[in-house]
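Asks: Our numbering applies: residue 1 is where the sequence shown begins, and numbers increase by one.
A hint or two may mislead.
[What the hints assert, rightly or not] Simulated crosslink set (DSBU-like; lysine-lysine; CA at most 30 Å straight-line): (1) K93 - K106; (2) K90 - K106; (3) K90 - K101.
Derived by calculation from the structure, the hints in this document are not laboratory data.
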Amino acid sequence: MSEEQQDVFKELPEAVYAYLTANYLHQDQLSWGRTQLLVAIEAGTLAAAFSLRPLAVPILLFGVFLVLAIWRLVERDWEVRDQDLDLLDKVNKPLGIRMIKTPRNKLWCGSVILRAVFIGLIALNILLTGLFVLASFCECKALDVFRSNVGG
1 MSEEQQDVFK ELPEAVYAYL TANYLHQDQL SWGRTQLLVA IEAGTLAAAF
51 SLRPLAVPIL LFGVFLVLAI WRLVERDWEV RDQDLDLLDK VNKPLGIRMI
101 KTPRNKLWCG SVILRAVFIG LIALNILLTG LFVLASFCEC KALDVFRSNV
151 GG
């Protein structure tokens with residue numbers, strides 16, 4: 001490490017830098033782990049709703065609650081992860097390192113895309129809840145798949 005690069009660590013000791021970097025990566029891994037959990041929960045919610053049609057409405061509404069809870073956890077992971085990002089960038093800049101690559105545009109940012117996924121899953125669960133409720137009051141053949149007495 002050159003003298004110029006060592007000067008960077010006068011402002012921030014190496015042990016602190018190592019901790020901040022490890023914490024950043026840990027929080028990032030937590031948010032992606034929760035995202036994988038979201039996929040599993042949503043798949044289970046949809047499977048349960050169609051397997052147990054009489055209970056579909058409460059299952060889907062519980063699914064909405066779980067998606068909202070996971071979304072909040074992911075948002076908190078991002079808050080904790082990014083709290084020291086300015087300090088890390090200040091230390092990394094002289095070394096030619098960037099913690100986050102600038103996205104092509106705001107719509108390609110991972111947090112924007114993931115928020116859209118969360119909103120989409122919540123909307124899907126609410127839409128399906130509405131269809132299950134509508135099927136219990138409407139005789140339309142197109143809604144047969146949402147009825148409790150299908151196949152029986």
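Asks: Give a verdict on every hint.
Replies: Going through the hints against the structure:
A distance of roughly 22 Å separates the Cα atoms of K93 and K106; the hinted pair therefore holds under the 30 Å criterion. Pair hint K90 plus K106 holds up; C-alpha atoms about 23 Å apart against a cutoff of 30 Å. At most 30 Å may separate the alpha-carbon atoms for a hinted pair to count; K90 and K101 meet this at roughly 15 Å.
Checked against the numbered hints above, the structure violates none of them.
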